[in-house]
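For the record, the sequence lines run as chains A and B. Mapping of the first sequence onto my numbering: residues 1 to 217, in sequence order. Mapping of the second sequence onto my numbering: residues 218 to 344, in sequence order.
FYI, nobody ran anything at the bench for these hints, they're computed from the structure. Nothing here was measured: the structure is a model prediction, and the numbers come from that model. Glycine is no exception: its CB is placed at the ideal position from the N, C-alpha and C atoms. Treat the hints with caution; some may be incorrect.
Claimed, not checked - Non-contacting residues of chain A with respect to chain B, defined by C-beta distances greater than 10 Å in every case (computed):
#	residue
1	4
2	26
3	56
4	72
5	81
6	103
7	204
8	212
To be verified - Simulated crosslink set (PhoX-like; lysine-lysine; CA at most 25 Å straight-line):
#	chain 1	residue 1	chain 2	residue 2
9	A	25	A	10
10	A	180	A	152
11	A	14	A	25
12	A	57	A	29
13	A	57	A	80
14	A	14	A	29
15	A	99	A	10
16	B	325	A	182
17	B	325	A	187
18	A	80	A	25
19	A	14	A	80
20	A	10	B	278
21	A	14	B	325
22	A	99	A	152
23	A	57	A	24
24	A	99	A	24
25	A	182	A	152
26	A	24	A	14
27	B	239	A	10
28	A	152	B	325
29	B	325	A	180
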Amino acid sequence: MLMHVVNVNKDVMKANNELAHSNKKLLIKNRVFAMNIMGAIGSGKTTLIEEAINALKDRYRIAVIAGDVVAEMDASRFEKLGVRTVAANTGRECHLDAKLVERSMENIDLEDTDILFIENVGNLICPVDYKLGENVRVVVVSVSEGDDTVLKHPMIFRTSDLAIVNKVDISEAVSADPSKMKADIEKLNPSIPVLLTSRNDRISIDRWIEYIESYLE
Amino acid sequence: MHEYSLACEIFETVIAIADQNKASAVNSITLEIGRLTHVNPDQLLFCLDVLSGDSIAEGAKVNVNFVSPYGECECGYREDTGVPDNACCDDQQSLYEYALMTCPVCGKLLQLVGGNELIIQTIDIDI
Numbered sequence: 001m002l003m004h005v006v007n008v009n010k011d012v013m014k015a016n017n018e019l020a021h022s023n024k025k026l027l028i029k030n031r032v033f034a035m036n037i038m039g040a041i042g043s044g045k046t047t048l049i050e051e052a053i054n055a056l057k058d059r060y061r062i063a064v065i066a067g068d069v070v071a072e073m074d075a076s077r078f079e080k081l082g083v084r085t086v087a088a089n090t091g092r093e094c095h096l097d098a099k100l101v102e103r104s105m106e107n108i109d110l111e112d113t114d115i116l117f118i119e120n121v122g123n124l125i126c127p128v129d130y131k132l133g134e135n136v137r138v139v140v141v142s143v144s145e146g147d148d149t150v151l152k153h154p155m156i157f158r159t160s161d162l163a164i165v166n167k168v169d170i171s172e173a174v175s176a177d178p179s180k181m182k183a184d185i186e187k188l189n190p191s192i193p194v195l196l197t198s199r200n201d202r203i204s205i206d207r208w209i210e211y212i213e214s215y216l217e
Numbered sequence: 218m219h220e221y222s223l224a225c226e227i228f229e230t231v232i233a234i235a236d237q238n239k240a241s242a243v244n245s246i247t248l249e250i251g252r253l254t255h256v257n258p259d260q261l262l263f264c265l266d267v268l269s270g271d272s273i274a275e276g277a278k279v280n281v282n283f284v285s286p287y288g289e290c291e292c293g294y295r296e297d298t299g300v301p302d303n304a305c306c307d308d309q310q311s312l313y314e315y316a317l318m319t320c321p322v323c324g325k326l327l328q329l330v331g332g333n334e335l336i337i338q339t340i341d342i343d344i
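Required output: the full structure, derived from the provided sequences and hints.
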């Protein structure tokens, strides 16, 4: 019997990055602006996307990829708003990957789309390692997760382009300090814009929509 | 549980390469894991061990080399931010410590480059 060392040199992560790159090329070719919305379960990702759809759907053609482990609850919320929606069920996975997004995009007419929202699976850890081909990565964290959540999950704030601290209207009830959360985010990523939002504060929601529009002009 | 799916991918690659080389057994697998990847090495090794059962890779030893990111600063500073590569899992710095590393020259937050790998480097087989 012969012992033999085989040089494999395969990067398991790189395979996803290469697929993400081809997704990005496809999005650019079709002039689609894609946002990857990441955040924990219950942080308010779906509501923020709904608000954006309501404000922008008359002027832009919108599609959504709604990532979830099994259910299609979020997808049906978007469908009700009259936008093209694809439910991407990961089965057992804690994140969307480039392959799932590639497959989901096959069910979207990209030529007829200006904005693609990709709602990631509720999680602040796994989505960090998986690029999807998006233009902008948005992390949503709600005050109800505790104001130490930011420092407990540093890499998602380091790798995002926009951070949203959501549900600030209930800060007092959950004993959280949104300004501490904002300061922690800025400590981890000094160049990141941070929005403090609440669905009950129209001005804050308008800022979120203005942020999206700033990419579309 | 993303360690499980990563373990599946590693296992499938290892078995495919072992088959291509007409191997009768896989003795060891050497992995390189970036210190910034959100992979728990213990969970990954456990999943690999379970998956390898009843295959030609059953009982294969898995060696892990950790790769540190480089810290880069706009002032031009560049240095490996790591602890020695032969350190065990328990000696790893937390992601929090990496995320808050500052430039020793000018004090700005360091940009982290690399350290996101999960590489199957080599497999040691019997032919």
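Hints, one by one, checked against the model:
| no. | hint | verdict |
| --- | --- | --- |
| 1 | 4 | 5 Å, violated |
| 2 | 26 | 23 Å, holds |
| 3 | 56 | 32 Å, holds |
| 4 | 72 | 21 Å, holds |
| 5 | 81 | 31 Å, holds |
| 6 | 103 | 16 Å, holds |
| 7 | 204 | 27 Å, holds |
| 8 | 212 | 26 Å, holds |
| 9 | 25(A) <-> 10(A) | 23 Å, holds |
| 10 | 180(A) <-> 152(A) | 13 Å, holds |
| 11 | 14(A) <-> 25(A) | 17 Å, holds |
| 12 | 57(A) <-> 29(A) | 22 Å, holds |
| 13 | 57(A) <-> 80(A) | 13 Å, holds |
| 14 | 14(A) <-> 29(A) | 23 Å, holds |
| 15 | 99(A) <-> 10(A) | 18 Å, holds |
| 16 | 325(B) <-> 182(A) | 19 Å, holds |
| 17 | 325(B) <-> 187(A) | 10 Å, holds |
| 18 | 80(A) <-> 25(A) | 30 Å, violated |
| 19 | 14(A) <-> 80(A) | 37 Å, violated |
| 20 | 10(A) <-> 278(B) | 18 Å, holds |
| 21 | 14(A) <-> 325(B) | 29 Å, violated |
| 22 | 99(A) <-> 152(A) | 28 Å, violated |
| 23 | 57(A) <-> 24(A) | 23 Å, holds |
| 24 | 99(A) <-> 24(A) | 12 Å, holds |
| 25 | 182(A) <-> 152(A) | 14 Å, holds |
| 26 | 24(A) <-> 14(A) | 15 Å, holds |
| 27 | 239(B) <-> 10(A) | 19 Å, holds |
| 28 | 152(A) <-> 325(B) | 21 Å, holds |
| 29 | 325(B) <-> 180(A) | 20 Å, holds |
The structure is inconsistent with the numbered hints 1, 18, 19, 21, 22, although it conforms to all the rest.
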